[in-house]
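Protein chains in written order, with my numbering: chain D, 93 to 495; chain Y, 93 to 495.
For the record, the hints were derived by calculation from the structure and aren't laboratory data. Treat the hints with care, since some could be wrong.
Since the list gives no way to pick one copy over another, a pair counts as held whenever it fits inside one copy or between any two copies.
[Claimed, not checked] Using 25 angstroms as the maximum straight-line C-alpha spacing, the simulated BS3-like pairs for lysine-lysine come out as follows:
hint: 1; residue 1: K291; residue 2: K356
hint: 2; residue 1: K356; residue 2: K183
hint: 3; residue 1: K481; residue 2: K183
hint: 4; residue 1: K481; residue 2: K401
hint: 5; residue 1: K183; residue 2: K401
hint: 6; residue 1: K183; residue 2: K287
hint: 7; residue 1: K287; residue 2: K299
hint: 8; residue 1: K299; residue 2: K356
hint: 9; residue 1: K95; residue 2: K356
Below are the chains, spelled out letter by letter.
There are 2 protein chains.
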Amino acid sequence: MLKINSNYQKLPGSYLFSEIARRVQIFSQEHPDADIIRLGIGDVTLPLPEAVILAMHAAVEEMGHKETFRGYGPELGYDFLRQAILDHDYKARGVELSLDEIIVSDGAKSDCGNIGDIFDVDNVVAVCDPVYPVYVDTNAMAGRAGDYDGEKWTRLVYMPCREENGFLPQLPEPDADLIYLCYPNNPMGTVASRKELQKWVDYANAKGSVILFDSAYEAFITDPDIPHSIFEIPGAKTCAIEFRSFSKTAGFTGTRCGYTVVPKELVRQNVSLNQMWARRQSTKFNGTAYVIQRGAEAVYTAAGQAQVKANIAYYLENAATIRSGLAGAGLTVYGGENAPYIWCKTPAGLDSWSFFDQLLQKAHVVTTPGAGFGPNGEGYIRRTAFGDKVATAQAVARIAAVL
Amino acid sequence: MLKINSNYQKLPGSYLFSEIARRVQIFSQEHPDADIIRLGIGDVTLPLPEAVILAMHAAVEEMGHKETFRGYGPELGYDFLRQAILDHDYKARGVELSLDEIIVSDGAKSDCGNIGDIFDVDNVVAVCDPVYPVYVDTNAMAGRAGDYDGEKWTRLVYMPCREENGFLPQLPEPDADLIYLCYPNNPMGTVASRKELQKWVDYANAKGSVILFDSAYEAFITDPDIPHSIFEIPGAKTCAIEFRSFSKTAGFTGTRCGYTVVPKELVRQNVSLNQMWARRQSTKFNGTAYVIQRGAEAVYTAAGQAQVKANIAYYLENAATIRSGLAGAGLTVYGGENAPYIWCKTPAGLDSWSFFDQLLQKAHVVTTPGAGFGPNGEGYIRRTAFGDKVATAQAVARIAAVL
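Chain D with its partners taken away, still in its complex shape:
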């Protein structure tokens, strides 16, 4: 008799976004005329940059002719894309990598989830609290999280990020083997300085841990002192894996391309993690579509870079609108500078779901309750800067009016 992976039975429902959808649906039914503005989910609204569109059209055309048709591509990514990534995202920032340290995929969510395949079940995993749920759920599915007690997983080490510590995690206690860090942070919109990241690199090298560094939002960094990559930190190549995405940089949320950097110097138990990840991907993945990789390559052209920067500036202006508008309305706000997320304290006495309900019912604005990201998210809501400019300003004005 077949046995299922019983760890799946321990997972609580995908509560957060389904509960948001449920509450929005009830409200919509009761108020069919309400013009609801959705600033909850972190999805982009601007179209793909023109350079990407042109490149994808050209690639589609190639696929339609026998002479230029492409079948199976290299499982780990075409060199044309790996080279563009290497030159622009790393060499330009002083980080030397080789092409086979950059492994292209269909997105950072897949990679963040699948990376667990190369690690033993017995490792101790540390996550920030609040945290992007994929890190937690994928470890729970693999049996690395223990049991869920209704609020936390018994085997995970949580690193609380609270107002009093500037929302920055402290080193894990007890020690952890795998440490998930995300900068610029989802959901809190925080960034990490060189000094802060050096603390983690030194810890991981001392303990033999591995940092899983999610820098999906690095394109939003405008402060020149903030590193975009963990590999800008001395010593990181012997202790870190970095996940990158075209989703928020270039609007690829529905186009699907990302990459993971696993340095060859990253060795544990005398085994190269680069070789393990390459083996994982070439065995359980068959490469990202050629058309999509050509689109991603175009992000790095001069035209693509200008268009991407304009889009990022548009979203950062939204972030500034949200920050100043909510602060002006008397709320305490964090993030939204060098990051597309604003972490907003609920007014005194309101928990995050109550504030969510208030904003939905009175302002017709959908946000994300912080409690959905972990116990220490209670008392906050997350706002995203990825909306339409007019709608974003309108939402802020409506919120200010009802507070």
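Following the hints, put chain Y in place on chain D, whose structure we already have.
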């Protein structure tokens, strides 16, 4: 100290295709003027059908305008594609399914590899011998295969497919919880009758096993008596999962789209495997690109169907050329009818690598040695029908001339 997944250390190198590449490279260097025809790897050569190209151009254009731009899609696939699949691949063949039983992905290789996530490590796995290596390697990585003894994995149950049993596997001994079947078969080119499949469905229902049915090559079936789907067999919905791909049907090897059918009636230990797979995919995957799904949808239009059928006919004509040419040259050939693979017995006294070498050196034709697919593949080579028509005929003539 971080612990790696030590199962990866047990994997032998990806011997087969790297060894083929090595031998071809050496030969090329020694014979730079040789015109080598490669019929080893199962990659298509015809371009994408025009209907697919048009649909992808239109979708790319949508992505370039704010009003029609698509961000995150549904993780399990757009309904427009799921509905087209349901209507054409199942309803038209008398199989009733609901949309949420069809889960769209970036290809059958990913799904065949990732499906293991929802099963316990302790299950006993049965595979045919010879077999598509992904089934074996992914189970080995998960710790389900035991140790590799240089030829076989100690915990896998091998089902020998030999000339004397018509290359059809017998029921596993000892009993197996997970059974991989692939029809039309890669590498042997065999097909399974209704009666043959009923044997497996009855076994799996009686034992509580699950059949993992790979029908990536179903489009090559022309005989009306051969089922295209395991779900054409009574009882299959309570014991089978089916993997499908647009790779060989519509030339999507570099475009990446497939789907997996997990019926809601498939329950083990009181848990719905459909819900488990949906949870796995929505947690560790973020959907297939919108542009690609629109391309796949176009396969089901009247124009798309006509174009796809013409391509399949082209490849099946290659298969017939190979079959008759090699048989005419005195070789014993199997497969290649209702399947794109031809399984060819080596001449007396030659093992499969020696015959590979002979064909490479004398005929300048690259094939795949059967031994690379498992011990019972020894004594055979695999030829694929996916090449260019002229090159295929030329290769056959050259082989006939040197035998």
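Here is how each hint holds up against the structure:
Taking the shortest alpha-carbon separations for K291 and K356, only the intra-copy value of 22 angstroms comes in at or below 25 angstroms, while the best inter-copy value is 49 angstroms. In the homo-oligomer, the alpha carbons of K356 and K183 lie at most 25 angstroms apart inside one protomer (16 angstroms), although the nearest pairing across protomers, at 50 angstroms, exceeds that limit. Neither within a single protomer nor between protomers do K481 and K183 lie at most 25 angstroms apart by alpha-carbon distance, with minima of 34 angstroms and 45 angstroms respectively. For a Cα distance limit of 25 angstroms, the shortest separation of K481 from K401 inside one copy, 16 angstroms, qualifies, whereas the shortest one across copies, 48 angstroms, does not.
Only within a single protomer do K183 and K401 lie at most 25 angstroms apart by alpha-carbon distance; the minimum there is 19 angstroms, versus 48 angstroms between protomers. Taking identical chains as interchangeable, the C-alpha atoms of K183 and K287 lie at most 25 angstroms apart only when both belong to the same chain, with a minimum of 21 angstroms there against 61 angstroms between chains. Taking the closest pair of Cα atoms, K287 and K299 come within 25 angstroms of each other only inside a single copy of the chain (18 angstroms); across copies the shortest separation is 59 angstroms, beyond that limit. When the C-alpha separation of K299 and K356 is checked against a cutoff of 25 angstroms, the pair qualifies only within one copy, where the shortest distance is 19 angstroms, while the shortest distance between copies is 46 angstroms.
Within a single copy, K95 and K356 get their C-alpha atoms only as close as 37 angstroms, which misses the 25 angstroms cut-off; across copies the closest is 17 angstroms, which meets it.
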